[in-house]
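From first to last, the protein sequence lines stand for chains A and B. Each number in this note's numbering comes from the position in the first sequence (counting from 1) with 3 added on. Each number in this note's numbering comes from the position in the second sequence (counting from 1) with 275 added on.
Keep in mind that the hints were calculated from the coordinates and are not lab data. The reader is advised that the hints may include incorrect statements.
Label pairs and their in silico Cβ distance ranges [claimed, not checked]:
id: 1; chain 1: A; residue 1: Leu30; chain 2: B; residue 2: Val672; range: 27 to 37 Å
id: 2; chain 1: A; residue 1: Val29; chain 2: B; residue 2: Thr392; range: 17 to 27 Å
id: 3; chain 1: B; residue 1: Ile705; chain 2: A; residue 2: Ile37; range: 18 to 28 Å
id: 4; chain 1: A; residue 1: Trp21; chain 2: B; residue 2: Thr392; range: 36 to 46 Å
id: 5; chain 1: B; residue 1: Gly620; chain 2: A; residue 2: Ile37; range: 21 to 31 Å
id: 6; chain 1: B; residue 1: Phe604; chain 2: A; residue 2: Trp21; range: 31 to 41 Å
id: 7; chain 1: B; residue 1: Pro493; chain 2: A; residue 2: Ile37; range: 15 to 25 Å
id: 8; chain 1: A; residue 1: Trp21; chain 2: B; residue 2: Gln498; range: 30 to 40 Å
id: 9; chain 1: A; residue 1: Trp21; chain 2: B; residue 2: Gly499; range: 20 to 30 Å
id: 10; chain 1: A; residue 1: Val29; chain 2: B; residue 2: Gly292; range: 40 to 50 Å
id: 11; chain 1: B; residue 1: Val475; chain 2: A; residue 2: Leu30; range: 34 to 44 Å
id: 12; chain 1: A; residue 1: Trp21; chain 2: B; residue 2: Gly616; range: 26 to 36 Å
If the Cβ cut is set under 7 Å, some of the chain B residues that face chain A in the computed set are [unchecked claim]:
id: 13; residue: Glu290
id: 14; residue: Ser294
id: 15; residue: Pro300
id: 16; residue: Leu303
id: 17; residue: Cys304
id: 18; residue: Tyr313
id: 19; residue: Phe315
id: 20; residue: Val317
id: 21; residue: Leu395
id: 22; residue: Val562
id: 23; residue: Gly566
id: 24; residue: Gly569
id: 25; residue: Leu573
id: 26; residue: Ile705
id: 27; residue: Ile708
id: 28; residue: Phe711
Every value quoted in this text rests on a predicted model; they were computed, and no experiment measured them. Think of the CB as a built atom: it goes at the ideal place given N, C-alpha and C, for glycine as much as any other residue.
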Amino acid sequence: MDNTHQNTTTPLQLALAWGFVGIPLVLGVIQTLINSMQLFR
Amino acid sequence: MGVLSFLDRDHTIAEPGYSRWMVPPAALCVHLCIGQAYAFSVFNLPMTKLIGITQAAPNDWKLTDLGWIFSIAIFFLGVSSAVFGRWVEEGGPRRAMFTAACCWAGGFFLSAIGVYTHMLWLIYLGYGVLGGIALGIGYISPVSTLIKWFPDRPGMATGMAIMGFGGGAFIASPLSVWLMSKFSTSTHVGVAETFIVLGVVYFFFMIVGSIIVRIPAPGWKPQGYVAPTQSKGLITRNDVFVYDALKTPQFWLIWWILCLNVTAGIGVLGQASAMSQEMFPGHITPVAAAGFVGLMSLFNMGGRFVWASTSDYIGRRNTYFVFMVLGFFLYCAVPYTGSIGSVVGFVCAFLVIISMYGGGFSTVPAYLRDMFGTRYVGAIHGLLLTAWSMAGIFGPVLVNYIREYNVTHGVPKAQAYNTTMYIMAGLLVIGFICNFFVKPVDKKFHMSESDDRGVEPVGMRAGARA
Numbered sequence: 004m005d006n007t008h009q010n011t012t013t014p015l016q017l018a019l020a021w022g023f024v025g026i027p028l029v030l031g032v033i034q035t036l037i038n039s040m041q042l043f044r
Numbered sequence: 276m277g278v279l280s281f282l283d284r285d286h287t288i289a290e291p292g293y294s295r296w297m298v299p300p301a302a303l304c305v306h307l308c309i310g311q312a313y314a315f316s317v318f319n320l321p322m323t324k325l326i327g328i329t330q331a332a333p334n335d336w337k338l339t340d341l342g343w344i345f346s347i348a349i350f351f352l353g354v355s356s357a358v359f360g361r362w363v364e365e366g367g368p369r370r371a372m373f374t375a376a377c378c379w380a381g382g383f384f385l386s387a388i389g390v391y392t393h394m395l396w397l398i399y400l401g402y403g404v405l406g407g408i409a410l411g412i413g414y415i416s417p418v419s420t421l422i423k424w425f426p427d428r429p430g431m432a433t434g435m436a437i438m439g440f441g442g443g444a445f446i447a448s449p450l451s452v453w454l455m456s457k458f459s460t461s462t463h464v465g466v467a468e469t470f471i472v473l474g475v476v477y478f479f480f481m482i483v484g485s486i487i488v489r490i491p492a493p494g495w496k497p498q499g500y501v502a503p504t505q506s507k508g509l510i511t512r513n514d515v516f517v518y519d520a521l522k523t524p525q526f527w528l529i530w531w532i533l534c535l536n537v538t539a540g541i542g543v544l545g546q547a548s549a550m551s552q553e554m555f556p557g558h559i560t561p562v563a564a565a566g567f568v569g570l571m572s573l574f575n576m577g578g579r580f581v582w583a584s585t586s587d588y589i590g591r592r593n594t595y596f597v598f599m600v601l602g603f604f605l606y607c608a609v610p611y612t613g614s615i616g617s618v619v620g621f622v623c624a625f626l627v628i629i630s631m632y633g634g635g636f637s638t639v640p641a642y643l644r645d646m647f648g649t650r651y652v653g654a655i656h657g658l659l660l661t662a663w664s665m666a667g668i669f670g671p672v673l674v675n676y677i678r679e680y681n682v683t684h685g686v687p688k689a690q691a692y693n694t695t696m697y698i699m700a701g702l703l704v705i706g707f708i709c710n711f712f713v714k715p716v717d718k719k720f721h722m723s724e725s726d727d728r729g730v731e732p733v734g735m736r737a738g739a740r741a
């Protein structure tokens, strides 16, 4: 069976799913990056 | 059992047109939550002042007693991933994720009661045992599903999920500190309340992951993907039964490769702050050392994605050769950077080393898939994680005890880690030799089409093997 069916997953669903995990992760990474800058001060 | 049938493997099969790009966020929902384990140390100091509030009272818990919580959790991670690996594989990712969510949240709730009643054994049982089981089941639950959805890029797919485990601490650490500050008063330390909130939040996140996860339908393959018709190099077209894998030298060689790579990384990861300050007294302050640790965490997380994705192009075995050879030279270079006072050289060396430590974790599921096929890769991965538990003991012991021995024998603190660095480099030489001897699995271990051991996982044979 090939993946030739029309997508039932909408772009909105994909954006919500990735945003759900991506936003907290990016915020955490930015916070860590800010703290890490202390190494160069 | 009508409600629970929602968790069955059969109810997890993707409908036509379901996007496989929904699966990595589902996996991240679990891995970002259980990755909190790396940030558990933020609770250690507050839990030594539960009675004394501003400073430790005589009846307060000692740091050494609290250190056991994390150790028990990591021990049960290895045990549960090995014991429940086959159950996870055959029961499907949704059931495993749901179980992990219940155990993870339950562990926090039990620990909250332990903090509230000041009974440490309840925290050992809650976060240590129950949380450790959640770590094991949760860690392996999405791995084989991702490999089946991404037969064209298995390294990248598992790298994304396992990157989440490295990144979980970035969310948990500031969140926990903020929650404790909100719940703490002048007469109370808000650890129990923080545990309850974290339990609720993590349960919600993990349940969302279990709801959106799907396994591919029988015969599914990515558009344009042409599966190889025969084994090529180390990449097999055949499956090996989970317990037969234990009889192969390949499993144990990869076990040692992972154990040695993790031992080399985990020892310095835990001691990075103290080591950097002692090797560069006056140059690296405690504040700068904290920044160094944060930077190492970022490279640990990034390395998980970058190295695993790279392995899709250069091959798993070659990726581990890079870890071993590059790691060897970098460990040998660390004492030299100390002797010439090169902070930049020291920092760069460790950032690359720690990226390869993370990369070792994320590349290994695809390595196992290459060697043993896709059918039981999750369960075999679970068995392999016992190497992590072992390395969790070896690594810190090597770094701490050798440093202690050197210091008590008059070696200056700035040079106390040199021996350890050379030992770590030596471990990577052994890892290189193990990797060198990895050859394709003997045909006698391959499962036949008529092999009826275990349950035939839906969507696997005709899918990934098509």
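Hints, verified against the model:
1. A:Leu30 / B:Val672: 27 to 37 Å: Holds, at about 36 Å.
2. A:Val29 / B:Thr392: 17 to 27 Å: violated, 38 Å
3. B:Ile705 / A:Ile37: 18 to 28 Å: violated, 39 Å
4. A:Trp21 / B:Thr392: 36 to 46 Å: holds, 41 Å
5. B:Gly620 / A:Ile37: 21 to 31 Å: holds, 25 Å
6. B:Phe604 / A:Trp21: 31 to 41 Å: holds, 38 Å
7. B:Pro493 / A:Ile37: 15 to 25 Å: violated, 48 Å
8. A:Trp21 / B:Gln498: 30 to 40 Å: Taking Cβ atoms as reference, Trp21 (chain A) and Gln498 (chain B) lie about 20 Å apart, which means the hint is violated.
9. A:Trp21 / B:Gly499: 20 to 30 Å: holds, 23 Å
10. A:Val29 / B:Gly292: 40 to 50 Å: violated, 29 Å
11. B:Val475 / A:Leu30: 34 to 44 Å: violated, 19 Å
12. A:Trp21 / B:Gly616: 26 to 36 Å: The hint (26 to 36 Å, Cβ to Cβ) is violated, given that Trp21 (chain A) and Gly616 (chain B) are roughly 45 Å apart.
13. Glu290: Status holds, d = 6 Å.
14. Ser294: holds, 4 Å
15. Pro300: Result: holds, 4 Å to nearest chain A Cβ.
16. Leu303: holds, 4 Å
17. Cys304: Hint on Cys304 (chain B): holds, closest Cβ of chain A at ~6 Å, below 7 Å.
18. Tyr313: violated, 12 Å
19. Phe315: violated, 16 Å
20. Val317: violated, 13 Å
21. Leu395: It is violated, given that the least Cβ distance between Leu395 (chain B) and chain A is near 29 Å, above 7 Å.
22. Val562: Given a least distance of 5 Å, the restraint on Val562 (chain B) holds.
23. Gly566: holds, 3 Å
24. Gly569: holds, 4 Å
25. Leu573: Result: holds, 6 Å to nearest chain A Cβ.
26. Ile705: With a minimum Cβ separation of about 32 Å from chain A (threshold 7 Å), the hint on Ile705 (chain B) is violated.
27. Ile708: Violated: closest Cβ of chain A sits about 36 Å from Ile708 (chain B), beyond 7 Å.
28. Phe711: At 36 Å from the nearest chain A Cβ, Phe711 (chain B) fails the 7 Å test, so the hint is violated.
In the structure shown, a violation is registered for the earlier hints numbered 2, 3, 7, 8, 10, 11, 12, 18, 19, 20, 21, 26, 27, 28, in ascending order.
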